[in-house]
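Line order of the protein sequences matches chains A and B.
Mapping of the first sequence onto the numbering used here: position 365 corresponds to residue 365, and the numbering continues sequentially without gaps.
Take any residue in the second sequence, count from 1 to its spot, add 1000: that is its number in the numbering used here.
Treat each hint with caution, since some may be false.
[What the hints assert, rightly or not] Interface residues of chain B toward chain A, partial, derived using beta-carbon atoms under 8 Å:
#1 HIS1112
#2 ASP1184
#3 ASN1199
#4 ILE1203
Hints in this document: simulated from the structure, not taken from any laboratory.
Here the structure is a predicted model, which means the values were calculated and not measured.
For glycine and all other residues, C-beta sits at the position ideal for the given N, C-alpha and C.
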Amino acid sequence: MNARLFTCLTLTLLTSWSASSLRAALPGDFEKHVAALRAVGPEGAGNAEAAAAFQSLSAAEADAILPLLRAMETSGPIARNWLRSAVEVIVERSQKAGKALPFADLKAFLDDTRQSPEARRLAYDLMAKIDAQAAQKLIPGFLNDPSTELRRDAVAQLIATGKAEAEKDDKTAAIATYRQALDAARDVDQIQEIAKQLSEKLGQEVDLPRHFGFLTHWHVIAPFDNTGREGFETVFPPEKEIKLDATYPGKEGKEVTWQPLASTDEYGKIDFNQPFGPLKEVTGYAYTEYTAAEARPAELRLACKNAWKIWFNGELIFGRDEYHRGQRIDQYKLPVQLKAGKNTLLVKACQNEQTQDWTVEWEFKLRVCDATGTALLATDRPATPKKEAPKRRGGGAEESKK
Amino acid sequence: MRSLPHLLTLAALLALPMTGRADWLQFRGPNGNGYVEGNAKLPTQLGPNAVTWKASLPGRGLGSPIIVGDRVFVSASSGPDQNQLQVLCFSATDGRELWRRSFWATGRTMCHSKTSVAAPTPASDGKRLYTLWSSNDLICLDLDGNLVWMRGLTLDYPNASNSLGMASSPIVVGDTLVAQIENDSESFAAGFDLDTGANKWKIDRPKAANWTSPVALKSGDQLVVALQSSKGVLGVLPSTGSDVFNYANGAATIPSGAAAGDTLYIPSNGLTAIKPGADGGEVKPLWNESAQNPGTASPLIIGDKVYVINNAGVLNAASRTTGERLWRVRLKGPFSGSPVAGDNGHLYIFNEQGIGQCVDLSGAEGKVVSEIELGEAIIGTASLSDDAIYIRSDATLWKIGGGQP
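So here's chain A without its partners, still in its complex pose (with noise of 0.2 Å):
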């Protein structure tokens, strides 16, 4: 279908749909159908009963459109799925027979914050498959929006905005675009391209470890063995205790001890190499605490290459035993639940037997934020600490001479 067919038939649409659409009945068992989608478990259980939920769900009308969105915000990500793919197949047949799809209570849902971000990102889809025009001129309302994907196209938006006002020579505009658009950010992207025409184009300074929420001061003790890759299951003392002025006897037999070490890195990098050098075979913890203003949800999200564990206020939380496959800022989401005052950590970081370039890494990088990935800084966060400024040429000429 070409677009001007589709627009004329949407629009079409728009004006014929009425309230009175709305009013007509949900399918039958609706809350049982939606009960058998939320009920299927792990392995595949319930599959079978969820399908047979799907075919009458996905044959209601269009006023099931609304209900099935407001069941998201209560079920898992597999039910979400199912809602979400007969909310499509009500949608895809409801145009066909040109029947109209509600536009104003759609508008309605996507208002209602409560929701789920994912079901509300569904609902401006469809409203802009309606009228694009009209969806397009919601988008700068997002700003500040519960739902990262909503965030994000009005964030868009502002870095388009503050690159046309940069190209113009205007930089006190640019600048205030930017920070906006910054404090709005969420998707890591997003950010780095903010922080980066702030910083090199436009001279201005960015907190990023501030801005993610990174933890960026540590206590690190390290080498414990990994020979064979064994170290990764093995109960080394950090893991029974944490006294930090304590010594153990490390791989090989030589005596180890907790050091303090501060990241200066801009995505906060806690490197085992900088102090323990790059060593192959051995493992490392790194332990902090993290003093929160209230117990809440919050989420700890990891960037490692090496194999990996996490303990959150004594309990394991989540390890994987994956070598050098890549990291990304965000690349594991560990939900917790923070305690109101102080917190404890312990990351353990195992570095393996390859000596390929690309396996030197062995750090990770962690933060804690909220669930769309807003920050939450400890009430006792230290200052991010600074890099140091590059030594001069002929200053670095001369420490070659000692």
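Given the coordinates of chain A, assemble chain B onto it according to the supplied hints.
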């Protein structure tokens, strides 16, 4: 003696779901070795005029299109983290989009920039689609786009993932969907019930990254699935996962093997041909040829020859019975996709720069007879059906040949 292609066809009929036409239902076609019977009128003069239609895709992907009847199905992944999984259905006749469905990934979507979350090729039994993703989501739809079942394998097995990306393509064998979810950590292979997605069986696999796909072959009067890994090849019964044979001399983890009848050609120490014994009998090595060393592309089998493209982009033709090299010709590489062929005596391969090459195999030596420049990076493998070539990029699906829309 009956011709090898004829015997291969019989073997293929034994191994595959019946759809009543020469559909392309899985990675590297009905036999899983790149060759499909028929298609004698595939175009040999590639070029702009050979494009029948092209359609835009909403997201990235390198999984091959699959063709069932007059419908072409493609998977794609979109969004900043590729967490939107999309399945699209097009009319094979004119490229019209018939439907699309979208899902939120439930597993990790991180992967190397060269690959994507829509890396595995979907599979079909002619009635349904089975789509596996790098996020380890496994989604079954009927041909009209109705969701039949969904599994989030990373929800069930939280350490089953590869930070470089997963790419193994599942296959349907009898009444089981077989998938290899093999990686450095929680590594396994499983057989899934086609109706419900429930595990029929699940076995531990070597803890090592592995991008190869399962291949079905005949063993006695039964079908066996060959699961390739760095350790070698384990043959299992598709319905139970029980061991049938074990080849333990190591194998590649990127190019997959290829089966023809009851013989398996494995990227192992170059190329190795084996004939697993029926009913658990010993593996009989037929030959090994270290010079026939597949690069990323998997071997292609046509008649009495096996074709291998090495990492230098050289196409080697070898005897299926001895492994002896017959000829070689340099192609324009590099290649991430694999070669495919029908019954017109030509081979088709697309390189990473988007250049499709047609190689005439009928002479004493292979000869590139035509090319087409698609202008987009091609990382995947073409599919063939009804005398047409289907190939996709991150943004476009093309139909080449097969008549005018």
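Output the indices of the hints that this structure fails to meet, ascending. 4
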